[in-house]
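Number of protein chains: 2
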Amino acid sequence: MRIIIDGMGGDNAPSEIVKGVVDAAALIDHEIHIVGDEKKIEAELAKYKYKKEQIKIVHASDVITNDDAPVKAVRTKQDSSLVKGINLLKSGGGELFISAGNTGAIMAAGLFILGRIQGIDRPAIASTYPILGKGVSLLVDSGANAECKPNNLLEFAAMGSIYMEKVLNVKKPTVGLVNMGTEENKGPTVLKAAHELLSKSSTNFVGNIEARDVPKGICDVIVCDGFIGNVILKLTEGLAWNILKLLKNKFTDGMLPKMGALLLSSKLKELKSEFDYSEYGGAPILGVKGAVVKMHGSSNANAVKNTILKGIPYAENNVVQTIQNSVLELEEIIISE
Amino acid sequence: MRIIIDGMGGDNAPSEIVKGVVDAAALIDHEIHIVGDEKKIEAELAKYKYKKEQIKIVHASDVITNDDAPVKAVRTKQDSSLVKGINLLKSGGGELFISAGNTGAIMAAGLFILGRIQGIDRPAIASTYPILGKGVSLLVDSGANAECKPNNLLEFAAMGSIYMEKVLNVKKPTVGLVNMGTEENKGPTVLKAAHELLSKSSTNFVGNIEARDVPKGICDVIVCDGFIGNVILKLTEGLAWNILKLLKNKFTDGMLPKMGALLLSSKLKELKSEFDYSEYGGAPILGVKGAVVKMHGSSNANAVKNTILKGIPYAENNVVQTIQNSVLELEEIIISE
Chain W
1 MRIIIDGMGG DNAPSEIVKG VVDAAALIDH EIHIVGDEKK IEAELAKYKY KKEQIKIVHA
61 SDVITNDDAP VKAVRTKQDS SLVKGINLLK SGGGELFISA GNTGAIMAAG LFILGRIQGI
121 DRPAIASTYP ILGKGVSLLV DSGANAECKP NNLLEFAAMG SIYMEKVLNV KKPTVGLVNM
181 GTEENKGPTV LKAAHELLSK SSTNFVGNIE ARDVPKGICD VIVCDGFIGN VILKLTEGLA
241 WNILKLLKNK FTDGMLPKMG ALLLSSKLKE LKSEFDYSEY GGAPILGVKG AVVKMHGSSN
301 ANAVKNTILK GIPYAENNVV QTIQNSVLEL EEIIISE
Chain E
1 MRIIIDGMGG DNAPSEIVKG VVDAAALIDH EIHIVGDEKK IEAELAKYKY KKEQIKIVHA
61 SDVITNDDAP VKAVRTKQDS SLVKGINLLK SGGGELFISA GNTGAIMAAG LFILGRIQGI
121 DRPAIASTYP ILGKGVSLLV DSGANAECKP NNLLEFAAMG SIYMEKVLNV KKPTVGLVNM
181 GTEENKGPTV LKAAHELLSK SSTNFVGNIE ARDVPKGICD VIVCDGFIGN VILKLTEGLA
241 WNILKLLKNK FTDGMLPKMG ALLLSSKLKE LKSEFDYSEY GGAPILGVKG AVVKMHGSSN
301 ANAVKNTILK GIPYAENNVV QTIQNSVLEL EEIIISE
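So the sequences go chain by chain: W and E. For the first sequence, full-length UniProt numbering gives the first residue as 1, with consecutive numbering after it. For the second sequence, full-length UniProt numbering gives the first residue as 1, with consecutive numbering after it.
A portion of the hints provided could be inaccurate.
A pair holds if it fits inside one copy or across any two, identical chains being indistinguishable in the list.
Here are the simulated DSS-like cross-link-like pairs (lysine-lysine), alpha carbons at most 25 angstroms apart as the crow flies [as the list claims (entries may be wrong)]: (1) Lys216 - Lys234; (2) Lys192 - Lys72; (3) Lys186 - Lys72; (4) Lys216 - Lys269; (5) Lys216 - Lys272.
Just so you know, the hints here were simulated from the structure itself, not pulled from any lab data.
Just chain W, with the same shape it has in the complex (with noise of 0.2 angstroms):
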């Protein structure tokens, strides 16, 4: 197998990202393609050892910042490592695409250069959701579909219990549906419909849940339009890194015995690489044919390192063809509405 990386996207690029595949490249036995500038990807190669037949550098001339349109920056650069790194995956160049780069642009080039998987109307983006000691949730959709109809969700469900199972390994993980309180009947006429379709889907769909309880792990799999996907993922990023910058502070006022003070910053250490996405690999773009992960924009080496070593699994468990089998069981579901 090999594996495709944009070395030109996201704040940290290309150091970082070369690093990442550096670090990654020791611990598999995969190829590992970086396409982006040759001369800027090659003197941050030099800085290390490792194995010239194991990583490759496609050169690409051109750059999609965050700041270019998506969809125009799709379309006029294509020379850019985004657009030839997604093109490299479709020809069959590689199994496995991660990019740091501009997140619409990443979206906008699966869906037009890879296509949707046929009867998917919409891909999403899926986060891992840290549970403080007791691993992931995943969030469908993170952020990709700002408003979405009933059957998005229904895709989401369907897709993000694939991926939660050949990727995460949990088997039959738990759907469920963000609403406004637990009853059916809750909520915007959308969330009443989708709560009606994921009730007939073979998803192993346990209702409506609460925010308030998405931090404790109360399902695996949390659907939700972008929006809120997107409000979830926010709001829990500021508030915990608010509280935890909040203690250091109180417990570091000098009122502590040195040792405590010690023992307090290493448990508050453990708490915050929780909540570290560094750990937890990227986020995979659902629906579109090929395995696409983005990563957030401010990825180090180590977020690098672990979306490689993450996405392999993605790539090699079929996970797209799932998703294409599962399509017929969905339209089923649509259409006896």
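Mind docking chain E on chain W? Use the hints.
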């Protein structure tokens, strides 16, 4: 001024309601009328010392529970403590009404009995959102309207600003619109239109805000639809308690010197109290013709006491009248679109 309180609403009624009333009464000169089952409330009052002329009981034979369908309950349970209390407010028997009962029924009673302020399309629940170490923001709407039109969001901003200024003493409160990014053309159509309306308003609008910045206190009034508001409020509650619980476990594993553990435990309690809704008082229903405050269903005596104390300026500082006076400007903005 007279304060009317629903003696029967909430998980801890009437005992904690009565205790909170007695505690608040000792600090103020206003009369407090408790509406509910006379015998039960009398039995609770008998446990305390208080001025007989300050606390009075208004008998109501019925109760609206959380299992009641709100609209039906308000229509049919005419002698419930909630309906009787709101009727008393309407007829001038008091200037402030407080209840820890069924939120939907409080909204329905406000709408049907008091009525909307003319020109306000949708009343909203405004909840205080704790900003660690920095006071509070006001979240409008925090759950009354799952789906909103742009003009509703404009109304929430205007009403929230007036409440923040008149009741929480914040001069020229800043207003932010929750969106998926800070650029003005972000997000669903309804938010783009709301951004345009807000830009034309006399509120101190700072633009779109992201959920990650809400816990940092990025603005005084956080505007969003009731679904998003519900997610923000509940996720914050769930995550904060989860983090604190985990920290408590980490810090009480026996490895710390006893003095350190005690000190830590007190620091955690400080933080916990910052998240404790019972410190902040209740949530006003903005946009109905009267000062109505809803409390958390699980309110204890402390929450009741604080809600009474913090509710007084809501009734005394002409918030309802000021909202009424602002409607003309809002209508001009909406019509000019």
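Non-conforming hints, listed in increasing numerical order: none
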